[in-house]
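**Q** Construct all of the structure, not just a fragment, from the sequences and the given hints.
Chains Y and C, in that order, give the protein sequences.
Letter by letter, the first sequence follows residues 1 to 186 of my numbering.
Letter by letter, the second sequence follows residues 1 to 186 of my numbering.
By construction, these hints were calculated from the structure, which means they are not laboratory data.
These numbers come from a predicted model, not from an experiment.
Each hint should be verified, as a subset may be incorrect.
Unchecked claim - So, partial list: chain Y residues that the calculated Cβ filter (under 10 Å) puts toward chain C:
| # | residue |
| --- | --- |
| 1 | Cys7 |
| 2 | Leu100 |
| 3 | Thr129 |
Stated by the list, open to error - With a Cα cut of at most 25 Å, we get these calculated BS3-like pairs of lysine-lysine:
| # | chain 1 | residue 1 | chain 2 | residue 2 |
| --- | --- | --- | --- | --- |
| 4 | Y | Lys38 | C | Lys164 |
| 5 | Y | Lys2 | Y | Lys38 |
| 6 | Y | Lys38 | C | Lys2 |
| 7 | C | Lys2 | C | Lys38 |
| 8 | Y | Lys2 | C | Lys180 |
| 9 | Y | Lys2 | C | Lys38 |
C-beta atoms are modelled at their ideal positions from N, C-alpha and C, and glycine is treated no differently.
2 protein chains.
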Amino acid sequence: MKFCPECGAAVELRRPPDDNRERHICTACAAIHYHNPKLVVGTIPEWEDGRILLCRRAIEPRHGLWTLPAGFMENGETTLEGAARETLEEANARVEMGELYALFNLAHINQVQLLFRARLLDLDFSPGTESLEVRLFDESDIPWDELAFRPVRYTLQDYFSDRKAGCFQFRITSLEPPVKPAQPAN
Amino acid sequence: MKFCPECGAAVELRRPPDDNRERHICTACAAIHYHNPKLVVGTIPEWEDGRILLCRRAIEPRHGLWTLPAGFMENGETTLEGAARETLEEANARVEMGELYALFNLAHINQVQLLFRARLLDLDFSPGTESLEVRLFDESDIPWDELAFRPVRYTLQDYFSDRKAGCFQFRITSLEPPVKPAQPAN
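**A** This is the structure in structure tokens:
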């Protein structure tokens with residue numbers, strides 16, 4: 001941020017009184033502009049035979065790799081509505097929302113991801129504009145080496161493990177930046 | 001938003017290609033500026049005798065009313081770190097973070113609130129700059145008519161009820177805008 005979104009004057013980085021960190025403050029109107037983490041919301045859509053719906057990404061980052069339907073939460077919606085909307089947008093898929101299953105802290109990219117269990121309501125799905133392909137996968141067919149993001153991998157691993165154990169358990173996971181360039185981003 | 005934070009030119013509200021809602025787009029550099037919900041993170045700090053730590057607000061909104069320590073999550077931290085930081089800032093209180101206890105969707109104000117169970121580590125607490133007073137309350141002493149926000153009220157009600165039942169249960173609650181001006185804000 002270089003300019004004030006409200007008046008167009010230059011901003012400077014300065015610590016406001018009674019604050020403990022620097023903020024972008026307008027040099028003309030004195031407005032303080034805060035920058036906060038963003039929420040990514042998505043689903044683990046399960047069909048009645050146990051298969052899981054994944055989307056192959058048509059956009060960067062990680063073009064061509066597989067992911068769970070998820071995306072940035074929008075203003076004016078709930079986390080559940082956002083997750084269902086992303087599932088509809090990316091996979092043209094209708095779901096009945098279930099419980100919150102995973103929360104990922106990605107502090108290095110200022111993101112919190114929430115993934116919900118979801119029941120896929122019909123087989124009338126197809127790629128949305130951000131997907132190349134949408135498919136149901138058995139556990140044994142999951143393309144583990146072609147998953148787009150670490151939260152997708154960890155969530156699927158936990159999900160299948162919990163499902164086998166007969167008990168889904170909500171987890172919070174905090175991820176550090178990927179250490180090797182070869183690792184999935186995010 | 002009236003001006004582009006990157007180049008200072010005017011922005012206009014327009015739907016970008018491949019998007020389904022209007023965004024603020026710069027008329028000069030074409031940057032698209034997204035606005036997303038903010039996360040509020042906080043704790044339910046419990047002392048070893050079962051009392052809960054509340055803060056009386058020294059700031060608007062709801063100046064003078066009681067709340068759980070909570071505030072806007074900052075970039076570069078996890079939800080757990082943010083909740084612990086807010087507890088330290090508002091109550092100068094150190095906690096051991098516990099499980100996620102409540103998620104509130106407040107779509108009308110573009111907010112998601114996350115409240116965590118937490119164990120208060122010592123009695124060396126005091127009002128931070130945003131608090132007038134910080135106190136431990138027995139369930140029977142909670143100032144129910146002087147609570148600042150609905151999520152605080154609902155969380156405390158559920159918390160005491162769950163504690164009596166011997167089982168804390170994570171809940172997601174979506175709140176509509178308050179109907180009567182007399183109701184607590186938020």
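**Q** If a hint holds in the structure, say so; if it doesn't, say that too.
**A** Hint by hint, here is what the structure shows:
Checking Cys7 of chain Y against chain C: minimum C-beta separation of about 7 Å stays under 10 Å; hint holds. Given the 10 Å rule on beta carbons, the hint for Leu100 of chain Y holds: about 6 Å separates it from the nearest Cβ of chain C. A cut of 10 Å between beta carbons decides the hint on Thr129 of chain Y: the least distance to chain C is about 5 Å, and the hint holds. Straight-line distance between C-alpha atoms of Lys38 of chain Y and Lys164 of chain C comes to about 36 Å, which puts the hinted pair past the 25 Å bound.
Taking the CA atoms of Lys2 of chain Y and Lys38 of chain Y, the gap is about 20 Å. The hint holds against a cut of 25 Å. Of the pairs offered as hints, the one joining Lys38 of chain Y and Lys2 of chain C holds, with about 22 Å between alpha carbons and a cut-off of 25 Å not exceeded. Restraint check: the Cα-Cα separation between Lys2 of chain C and Lys38 of chain C comes to about 20 Å, which is no more than 25 Å; the hinted pair holds. Taken as a hint, the Lys2 of chain Y and Lys180 of chain C pair is broken in the structure, with Cα atoms around 41 Å apart against an allowance of 25 Å.
Straight-line distance between C-alpha atoms of Lys2 of chain Y and Lys38 of chain C comes to about 22 Å, which keeps the hinted pair within the 25 Å bound.
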